[in-house]
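Starting from the structure of chain A, add chains B, C and D with the ligands where the hints point.
Protein chains in written order, with our numbering: chain A, 369 to 853; chain B, 369 to 853; chain C, 3 to 449; chain D, 3 to 449.
To be clear, the hints were calculated from the coordinates, so they are not data collected in a lab. Owing to the predicted nature of the structure, the values given are computational and were not obtained by experimental measurement. Do not take every clue at face value.
[As the list claims (entries may be wrong)] Using 30 Å as the maximum straight-line C-alpha spacing, the simulated DSS-like pairs for lysine-lysine come out as follows:
(1) D:K157 to B:K527
(2) C:K156 to A:K528
(3) D:K353 to A:K462
(4) A:K390 to C:K353
(5) A:K462 to C:K405
(6) D:K285 to B:K390
(7) D:K228 to D:K154
(8) B:K764 to D:K305
(9) D:K323 to B:K527
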Amino acid sequence: MEEALGTTGLLLNEPLLWKKGKKGRCGFSLPRRDVEPCSLDEELIGEGPDFPDLSEVDVVRHYTRLAQWNFGVDTGMYPLGSCTMKYSPKTNEKQASLPGFTGAHPLLPSGLSQGALKMMFEFEQYLNEITGMHATTLQPAAGAHGELTGMLIIYAFHKKQGSQRSKIIVPDTAHGTNPASVSLCGFRPVPVTSNEQGILSVEAIAEIMDQDTAGIMVTNPNTLGLFEENIQKIAEIVHAKGGLVYCDGANMNAVMGMVKMGDIGIDVMQLNLHKTFSTPHGGGGPGSGPVSVTKHLEPFLPVPRVVEENGTYILAENYPNSIGKISAFYGAFGVVIKAYSYIRSMGPENLKKASQLAVLNANYIKEMLKGTLHLPYDRPCMHECVFSDKHQAAQKIATLDMAKRLMDYGFHPPTVYFPLVVPGAIMVEPTETESKEDIDQFIEAFKAIASEAKENPDMLHHAPKSCKVKRLDEVTAARKPCLAG
Amino acid sequence: MEEALGTTGLLLNEPLLWKKGKKGRCGFSLPRRDVEPCSLDEELIGEGPDFPDLSEVDVVRHYTRLAQWNFGVDTGMYPLGSCTMKYSPKTNEKQASLPGFTGAHPLLPSGLSQGALKMMFEFEQYLNEITGMHATTLQPAAGAHGELTGMLIIYAFHKKQGSQRSKIIVPDTAHGTNPASVSLCGFRPVPVTSNEQGILSVEAIAEIMDQDTAGIMVTNPNTLGLFEENIQKIAEIVHAKGGLVYCDGANMNAVMGMVKMGDIGIDVMQLNLHKTFSTPHGGGGPGSGPVSVTKHLEPFLPVPRVVEENGTYILAENYPNSIGKISAFYGAFGVVIKAYSYIRSMGPENLKKASQLAVLNANYIKEMLKGTLHLPYDRPCMHECVFSDKHQAAQKIATLDMAKRLMDYGFHPPTVYFPLVVPGAIMVEPTETESKEDIDQFIEAFKAIASEAKENPDMLHHAPKSCKVKRLDEVTAARKPCLAG
Amino acid sequence: MIYLPHTDEDIFSMLQVLGVDNLDDLFSTLPEDCRFNGDLNLPEALSEWELNDHMSTLSDNMAVSPEYKVFLGAGSYEHFIPESVSYLLGRSEFVTSYTPYQPEMSQGTLQAIYEYQTLAARLLGMEVATASHYDGATALAEALLMAVRITKRKKVAISSLIHPLYRRVVQTYFEPTGYEVVELPYLNNGVTDATGLDEMDDLAAVAIQSPNFFGCIENLQVLGQKAHDKKTLFVASFTEALAYGLLKNPGSQGADIVGGEGQSLGIPRSFGGPALGILASSKKHMRSLPGRLVGKTKDLDGKTGFVLTLATREQHIRREKATSNICTNNSLCALAAAMYLASVGGTGIRKLAQLNHDKAEYLKKELKKAGFTITFDSPTFNEFVVEFPSGFEATHKHLLEKKIIAGLCLAPYYPELANHYLLCVTETRSKNDMDALVREVKSWKKL
Amino acid sequence: MIYLPHTDEDIFSMLQVLGVDNLDDLFSTLPEDCRFNGDLNLPEALSEWELNDHMSTLSDNMAVSPEYKVFLGAGSYEHFIPESVSYLLGRSEFVTSYTPYQPEMSQGTLQAIYEYQTLAARLLGMEVATASHYDGATALAEALLMAVRITKRKKVAISSLIHPLYRRVVQTYFEPTGYEVVELPYLNNGVTDATGLDEMDDLAAVAIQSPNFFGCIENLQVLGQKAHDKKTLFVASFTEALAYGLLKNPGSQGADIVGGEGQSLGIPRSFGGPALGILASSKKHMRSLPGRLVGKTKDLDGKTGFVLTLATREQHIRREKATSNICTNNSLCALAAAMYLASVGGTGIRKLAQLNHDKAEYLKKELKKAGFTITFDSPTFNEFVVEFPSGFEATHKHLLEKKIIAGLCLAPYYPELANHYLLCVTETRSKNDMDALVREVKSWKKL
Ligand SMILES: Cc1ncc(COP(=O)(O)O)c(C=O)c1O
Ligand SMILES: Cc1ncc(COP(=O)(O)O)c(C=O)c1O
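The shape of chain A in the complex, shown without the other chains:
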């Protein structure tokens, strides 16, 4: 290996905002007053918020310094499993900042917002094509919000059928949002265990599917990075008992152009634009979680829907079976622009190739590291692979120690301790935008850490050593929460 990737250098400390500034400064150019002052009833007036007063340079330095304490995909590899931290193309940011988009009021007359409506309409078509579904709503603001939307649609479907059902089957490999969405929608999640291959068996589903079960919620590819090979049979069983199949499509990055969910028995699914379709994660959001459905579920989609009428686009409200509104307006329009730009830039061949390369990268890492880390399911994976810390247990080195140590090597750690079915899980999702060189460097780093685990376990317990702060005390943070200054 050449020079290691991680090193240290000068950063600047920066106090909390309200420890800066002086009363009377302002970092905002106050508009000229062109009307008379006009006083409001004293009774209604508050004391004014206790904010610091800063100049523009104070603000600029504050956030410039803070930014430098952070690590993003633009800094380096960020192989957080299940999060699809692919590169977010810069041109998408530019498109989303076009003045006609950023400046648009959501309640503009439709005649004055054709650009936005056309884009939304086309984008829904693209997602229909990619998922093989019939219709799509862009209103959900994130993946979990899409899940809730999907559950609400399932609820509305059964209600419309006149049969109220109380349960949803949720496999043990499900993302935490799945059971939470299920119960937020008033259903009871019924757990089901995946088999020794890490996927759902037909039998397990057949055993628990019944007439009181509204459906199943399956992540496919699942959170072990494995394709649910029995999905069609499972869908048949669920359908036979009158249930619906929900697919958590957050992992769609593995199978674009390879699998159409609509063709394999899925009734409703969400996509995470902030994963599969390259929109940046912004340190936690905003995302966008469109929901696509088959034809028989279309009547239940949220309103308004974008509809084309003789070449013009309108927002139509008149869907009596709709679940209603799930966001105040139309969801994360600004995020959708970026995903739309991505699909238009990639085109059909490159979308498929992206999935293929994402799977190639994951399998390559799995193969190269399986001698070093324990690999609980040794089979071809999809877009991510899941290891565990079992081999390191003897040295009392846990997943967390290795994760923290990776920082010193200049990598963001993978997702850790998830999925829950693998104790001490290390879930690596490189995505297709990591080059072979970068992946090789990551593999080298992990191997080096595994050696350190043997030779110098204490160093790992104290890792990271390069970051601006040492390992942080999360326990005390939770025990004595201090959530505001």
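Okay, now just chains B, C and D with the ligands, sitting in the frame of chain A:
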């Protein structure tokens, strides 16, 4: 003092560009080919440059990592004397990136470039007003280029008078560019020493000014941060002998709205927009060095000039005495936009206030640090103050050691070893955009370093310790130059 | 493709390691009948330059300031955003990072969000604010569900002057839960009629928006007292956060939970999203809050740092027992709000809010002078309802051609308010804009 | 004022430290008669929002792509610039730093400029390139002065097909020095007529631009040989750097010094500036180069790093004996070029250059077909000269109304070439644009 400003944290190493990439990648979206290929004579075709092939993410990470190794005004205080590292407002960047400006071809018909021409015309008026001069050219690309332009004007003036003169008086406090500009223009610089107060005496000039001297080039305020109090008398002497007075106006940030150079005997001067008028320095440029002249020198200004005719603006070439062209087009138009935006945002009162606060900040630092550092000229200063390392000499601590140590404290060092008249000079120019808190922190840091100089001189010799690299070997770099990879 | 770094050679050597012949063979675990063997029917790839043209055309097809003079508020407000905020928000260390699961590498986001939580809490007069929610409507829905969880009561009352679209989202969230939502009517002066509350003993929460959808300022103090008298939680909502630069905040008037929209605070309208759901509560209820929370802590050396905390409320730990399913939130919008509030400052926000108020009052006055009726006489902030002569719909359309958007027609939301329009004036509308509006509506009135 | 952080209280306490009563008293060393006691007569301060409006109005008053189809080159070229480059170039660590005098704190700029120097040198086939110069014209002037210094000869010959504005700058620089500049005429096929060189023995340098101002590719090899035969330094210039993605570079053809313009490499036209002067030479002459140079070195721990070097050539050390007076250069433009070249890459630049060539050939062919004369038959890159029928000036004006800018009229620069126009086609002009141009000039021709 609270938590120190400087600390360390994770940075990423990054190899040279050509050590990255793989043949066949591309980070540039190649435009669709809509014409037939058409071959060129083989004889004319080269091998193609030996550039690496990188993907967009490769490029983005490369420069993101490099950026993080750098320190700018947005990171923290950058009190480089003579460089006026004030805050560069973000809105100016936005204005300069408006598509009508960035996309404009310089040879557009004037009817199709009224926006640019109007802006240039108005900006010249503003500079005339600020300098008290009669006419301005925006063509010089930097301060030194302005100096050259000024010298060329002086040359042309004398030539037109039919008297060829060979010398220009240049004080010892002059910026290095001054004598260099003088000799680039074929004049011989005649040095003159400043007096014990750090300024030029009338007598010294009277002694050397003669009929073979084309003029004098004086930086005012000078590089000791002192106002040339005898400037009017000096100008009289020079004028009496038929000479002209050039003012290096790079330090105009001290006296906007306080002194009009045109009123005190200056015939020609340059302004550094990248200092006084807040345009960012870009790691070394681009700058812009407009030259302003009195009425009798106007005929010699470079062409074309922006002229108003009945409300429309044209580029006029017809100035037979003009020195000609000094840039291919009109100078750093994109930089001028920023300076124009700055003047419009500040307005007359704030420009004056900026100078007053710049002077306040410099005097405050001078006063607060003069117990700690040797202050060779203990008098009220203008926008900057010059210390030396004399007090630290006993501990074998030189200016350089303290400068390097300041980095660990989170500050960019001041200008060092300049001006040459002060051995071991430490030239501090805070500018008006540093707040009292930030300045106090800087003063504290310097005091702490002075203590360290006594207690732990070795640490200073090895400073900096926080930066990505340790102290660099500049001697070997110059002895065995490696200028390309 | 410039986003895909793999050369053919890379692919070949990686496939070799895997002992596989081609990319397709990587998918051996895909059952044959699950495979889609066709080509996706999507438009061919555009170059960056074609995309620029295409998107500009779409963007140019939108009616926006400064070309259009837009007097629309109703939950989405045009406010000036400093270029410094836009620049800082674009820094890729903020933009391209994930939820800060690994705090040592994410202190920038974490300190910034901790600061946001603090500023949001201070703005609202509350003790704790979450790291963000999707938008005002979902924040309100979650606030109400939270009240249900806390009180274990199954019914909530919400004012009919809460933004109509927010109420619809609340309905959607409540529909499958079996909990009941009742609406409180409004009075002639444009504020909530809370007399019905006296009859309702089993309420988990009463929710009031102030300024309400008509722009009128509600007496939260009195309404809150009414709620508390029945051990009902008082939930405050808002769509125009800037109002609290001037008005008494909900916390000082007894709000237990606040859920509203922060788009006004430096976030572009962007056709309604992404937005910023602000959710705040007293400390007492913090463990019932949905969503991420950033807390202060120390590192091994005792140095201050920040982490995501109280995760046991959340889906990734608690799964079906979580306080909510939220995972991705609207963090970058919260960051924008923090940057904006840091720029505006305590002194600035007061002035800016006052200016909004004064401008709206100017328009109100001029419209009155011109003979139109200001429907409700309660004090307002920067929005108000005006009644235009019947048939104004045509005028409204004509004004669109003149590039004036003369407010929102209320009839679709409140059928009883035919010919009533909700007008909004922020600091971005000049006196000239307002005079032009008045002139135009007057001249059309005469026709 | 948002850029001035001082509160009144700050000012007061600082003045107290200085024992001074008010800000004016700080200026006690200003002689009374040097003071300006009036108020500056400048427009009142604009708010950020007023500035936005004002500047947009100015910007809207410019004729630019995509609204206008501009076929102008002549030293300023429209090329696509990736958004990634614009974003990266905007990072404030690059933008708001000074010349990297303190290398430990400026490694970002220094490594990037070292890389720029390398890429520029490779593009030109030279051994060393400086950190940047102001523009192509000043780089050429400095190159010629450098040749004078090296050879100690006092005369240079420059081709009349060097950009006319560059030649004027050279004249300006040379005027007071007493050194002589002679111009070489051009041949019927649009390249330099070097026969005169045979007579000139005392030349410091011969300077040739290729592709030259007419777009024609010069035979640098032959011209360079001629120069070297007389121990004259061969100076190459260029305005369209992209050409070397396809053409033989100057270094491989014997250039000793190269001075030209790099605007094509990712730098917006910006009405002509800031630009990028590229100045390169052989290693032999590196100590005679003007301007900054970045070199590789090691730190105390032996780790690689970069510094400004060979400073003894420069004004701040050498003062009047410096190789030049240059101090501030165009560093950020050099950085833009490096980012651009890194994005385009070796494979990409070849394809892009070929596309430029092929498009220009297409237009050439179509114009020929339409009956116009291509004046010079030497091969060209992306510019060429066409002769239009007399009276075309009016057509040119009419086309402006159709938003087509049909090239540059050569008559002001070459009076003998009345009705000749220099047309440029880069990758930004589509076949449609070209067809429209041909259609329009044809239809006007007929009138
Ligand atoms: C598999 C899976 N499902 C659902 C989600 C939830 O999506 P979001 O965070 O957008 O709400 C995630 C996100 O981490 C996920 O990885
Ligand atoms: C006093 C003075 N004069 C002249 C200059 C030269 O200006 P520029 O660097 O723009 O060429 C400088 C810049 O450092 C300076 O400080």
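Taking the hints in turn, this is what the structure says about them:
For the hint pairing K157 of chain D with K527 of chain B, the CA-to-CA distance comes to about 21 Å; that is within 30 Å, so the pair holds. Distance hint between K156 of chain C and K528 of chain A is fulfilled; the C-alpha atoms sit about 24 Å from each other, no more than 30 Å. For the suggested pair K353 of chain D and K462 of chain A, the alpha carbons sit about 26 Å apart, so the restraint of at most 30 Å is met. Using a Cα cut-off of 30 Å, the hinted pair K390 of chain A and K353 of chain C holds, with the two alpha carbons roughly 17 Å apart.
Restraint check for K462 of chain A and K405 of chain C: the C-alpha separation of about 26 Å stays at or below 30 Å, so the hint holds. With a CA separation close to 29 Å, the supplied pair K285 of chain D and K390 of chain B stays within the 30 Å bound. Proximity of K228 of chain D to K154 of chain D is assessed by CA-CA distance (about 19 Å); at most 30 Å being required, the pair is judged to hold. Of the supplied pair hints, the one linking K764 of chain B and K305 of chain D holds, its CA atoms being roughly 26 Å apart against a limit of 30 Å.
Our distance criterion of 30 Å between C-alpha atoms is met by K323 of chain D and K527 of chain B, whose separation comes to about 24 Å.
When the structure is compared with the earlier hints, no violation turns up for any of them.
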